[in-house]
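Asks: From first to last, the protein sequence lines stand for chains A and B. Residue 168 in full-length UniProt numbering is what sits at position 168 of the first sequence, and the numbering runs on without skipping anything. Residue 179 in full-length UniProt numbering is what sits at position 179 of the second sequence, and the numbering runs on without skipping anything.
Just to be clear, a hint being listed does not mean it is correct.
Between beta-carbon pairs, the in silico distance windows are [claimed, not checked]: (1) A:Gly107 with B:Ser304: 26 to 34 angstroms; (2) A:Gly303 with B:Phe171: 44 to 52 angstroms; (3) A:Ala327 with B:Gln337: 55 to 63 angstroms; (4) A:Asp251 with B:Arg202: 26 to 34 angstroms.
What the hints contain is simulated information worked out from the structure, not anything from laboratory work. The C-beta atom is built at its ideal place from N, Cα and C for all residues, glycine as well.
Protein chains: 2
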Amino acid sequence: MKPRIAIDAMGGDEGVPVMIAGAALARHRHENFQFLLVGDETQIKSALDQHPNLRAASEILHSDVVVTGDDKVSAALRKAKTSSMGMAIDAVKSGHASAAVSAGNTGALMATAKLALRTMPGIDRPALSALLPTLEDTDVVMLDLGANTECEAKNLVQFAVMGAAYSRIIFGFDRPRVRLLNIGTEEMKGTDQLRDAAQHLRDATGLNMDFQGFVEADKINRGECDVVVCDGFTGNIALKSIEGTARFVTDLLRRAFTSSIRSKFGFLVSRPATELLRHHLDPNNHNGAVFMGLNGVVVKSHGSANIKGVANAVEVAARLVEEDITARITQDLARIQAE
Amino acid sequence: MKPRIAIDAMGGDEGVPVMIAGAALARHRHENFQFLLVGDETQIKSALDQHPNLRAASEILHSDVVVTGDDKVSAALRKAKTSSMGMAIDAVKSGHASAAVSAGNTGALMATAKLALRTMPGIDRPALSALLPTLEDTDVVMLDLGANTECEAKNLVQFAVMGAAYSRIIFGFDRPRVRLLNIGTEEMKGTDQLRDAAQHLRDATGLNMDFQGFVEADKINRGECDVVVCDGFTGNIALKSIEGTARFVTDLLRRAFTSSIRSKFGFLVSRPATELLRHHLDPNNHNGAVFMGLNGVVVKSHGSANIKGVANAVEVAARLVEEDITARITQDLARIQAE
Numbered sequence: 001m002k003p004r005i006a007i008d009a010m011g012g013d014e015g016v017p018v019m020i021a022g023a024a025l026a027r028h029r030h031e032n033f034q035f036l037l038v039g040d041e042t043q044i045k046s047a048l049d050q051h052p053n054l055r056a057a058s059e060i061l062h063s064d065v066v067v068t069g070d071d072k073v074s075a076a077l078r079k080a081k082t083s084s085m086g087m088a089i090d091a092v093k094s095g096h097a098s099a100a101v102s103a104g105n106t107g108a109l110m111a112t113a114k115l116a117l118r119t120m121p122g123i124d125r126p127a128l129s130a131l132l133p134t135l136e137d138t139d140v141v142m143l144d145l146g147a148n149t150e151c152e153a154k155n156l157v158q159f160a161v162m163g164a165a166y167s168r169i170i171f172g173f174d175r176p177r178v179r180l181l182n183i184g185t186e187e188m189k190g191t192d193q194l195r196d197a198a199q200h201l202r203d204a205t206g207l208n209m210d211f212q213g214f215v216e217a218d219k220i221n222r223g224e225c226d227v228v229v230c231d232g233f234t235g236n237i238a239l240k241s242i243e244g245t246a247r248f249v250t251d252l253l254r255r256a257f258t259s260s261i262r263s264k265f266g267f268l269v270s271r272p273a274t275e276l277l278r279h280h281l282d283p284n285n286h287n288g289a290v291f292m293g294l295n296g297v298v299v300k301s302h303g304s305a306n307i308k309g310v311a312n313a314v315e316v317a318a319r320l321v322e323e324d325i326t327a328r329i330t331q332d333l334a335r336i337q338a339e
Numbered sequence: 001m002k003p004r005i006a007i008d009a010m011g012g013d014e015g016v017p018v019m020i021a022g023a024a025l026a027r028h029r030h031e032n033f034q035f036l037l038v039g040d041e042t043q044i045k046s047a048l049d050q051h052p053n054l055r056a057a058s059e060i061l062h063s064d065v066v067v068t069g070d071d072k073v074s075a076a077l078r079k080a081k082t083s084s085m086g087m088a089i090d091a092v093k094s095g096h097a098s099a100a101v102s103a104g105n106t107g108a109l110m111a112t113a114k115l116a117l118r119t120m121p122g123i124d125r126p127a128l129s130a131l132l133p134t135l136e137d138t139d140v141v142m143l144d145l146g147a148n149t150e151c152e153a154k155n156l157v158q159f160a161v162m163g164a165a166y167s168r169i170i171f172g173f174d175r176p177r178v179r180l181l182n183i184g185t186e187e188m189k190g191t192d193q194l195r196d197a198a199q200h201l202r203d204a205t206g207l208n209m210d211f212q213g214f215v216e217a218d219k220i221n222r223g224e225c226d227v228v229v230c231d232g233f234t235g236n237i238a239l240k241s242i243e244g245t246a247r248f249v250t251d252l253l254r255r256a257f258t259s260s261i262r263s264k265f266g267f268l269v270s271r272p273a274t275e276l277l278r279h280h281l282d283p284n285n286h287n288g289a290v291f292m293g294l295n296g297v298v299v300k301s302h303g304s305a306n307i308k309g310v311a312n313a314v315e316v317a318a319r320l321v322e323e324d325i326t327a328r329i330t331q332d333l334a335r336i337q338a339e
């Protein structure tokens, strides 16, 4: 399937030029990508002046209504028919586009997408998934990161199926190693929901994943599993603890490196090393959180993503379309329901 | 009150000599400390040969039964009357010692302490608290870190009272800034338990704390609050995410610094900076997790703590005794119950 990506041009903190330049970079890398650029026509046209390649592959859909970062979910839903975010998602619903990418307000995007696209058959609740860096070359897929504060066992099982499909598509694994996030690895650890979900996944046969039980939060980044599954409360706590600590350590490091002349000199000499660290931790290299479980692909780009980050999010969306993530999830769900 | 600390000499990964040397270091810093050294008499006496100062301030209580790291809680409880861990705690119960320090198996220590000492009046469930480094000079107190997988609102309120008392004693704050760990800072975020606990803490007057609502997990280390309160599941996830990420970033850094000759040279020049980082993150500088809410002070030292770490844990125990943590908690509980 030739991907045609609807871009909410108005959502990012960096404005229309960065969203358009990101799309142009993705287009530059993939000649078959088509685009539907949704937002203020004047601003989009002006940004396209720099990117004739993208212009040739794009259609513009005008909207002068913007969902802001401060908009409550209710406000965003009221303007779902006219906002650039809502119209980008509606294009997916009508088949005019095959996926939508927005850097807008996460809560608003999630609610708008869920209302317009509905959850796919066999999925009770959609989940927000993201890629996190590991010590290895591939990222770990983690979900849910905040769509569902509380979850039942069946939700966790469905998240495992969705996360495994995502990992297979993006990293090409045949059977990604899947684990449930818990406070210990022994079978009796954690909540009833976790123990029940683990039992279901152990019992299921023929799934396109290698379920390996529980993982503790200090092992998420070790590169020892490919998909980490949890409820949205736990996922949010873990993700933000990880983000906060990465910033904390780099802040300490900066402070340490600037605390003496000798250290400053060392810092300059070793800048390639700290650049490598920054590159590895840069969220732009892992950009593209996916709302999984809807009838259509919707990718959230970081609000502060740069051009490369937006291009990554577009590529994630396109890969999920090309590899038909919905069909892959449906296939595994059928295997679970057949048990 | 003159602190007399019962040391479970057998619990640490590093063996009797490190536990004894840690106690000796604490004794060296505080002439009024007394000790009850519990464990194999021959090994303890041999370790004391290096530390005449400590020997002069110590009594030995022989035990040849050890709770191992692999012992299940049930096994540890069966030998509670004869093990070094159990006897150290029993000394607190009988008044023979004023606090116990053990580097043994956390689950076993928690269960043994709870059974022997019981929860103090007004506390429904004890909690495990620890100190985490921040960008500022003082650590943040975090609890519960795993004693209670699920909690009601009243448990969280009690944890807040206990954590605030701990912070006041260790860091000398009059009114520590207390927050509940949540997935957002708006009042309607999170679970019913969190919202109810926040309401209780907002309504309570005259508490020795400044309750400031919710905190997200990426802000734990910013030095913007002094006590972070959560259920034990969430606390374990956050703590291990933090530990894992700190290790992850330092692993990446080491790899980056050794990836080229130029970086290696920079690393040598800037070693004081990375030493400062290591010092700040070193768990030994924040050692001493406290079981709060029992009729007696029990401190868990890291299994892998070094001499300095053990000394820190002993000092934490002594401070909690000297400043009478139980009385401070009781005072605040009375204020809440008077509402």
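Asks: With reference to the structure, classify each hint as holding or not holding.
Replies: Now the hints, each set against the structure:
| no. | hint | result |
| --- | --- | --- |
| 1 | A:Gly107 with B:Ser304: 26 to 34 angstroms | violated (42 angstroms) |
| 2 | A:Gly303 with B:Phe171: 44 to 52 angstroms | violated (36 angstroms) |
| 3 | A:Ala327 with B:Gln337: 55 to 63 angstroms | holds (59 angstroms) |
| 4 | A:Asp251 with B:Arg202: 26 to 34 angstroms | holds (31 angstroms) |
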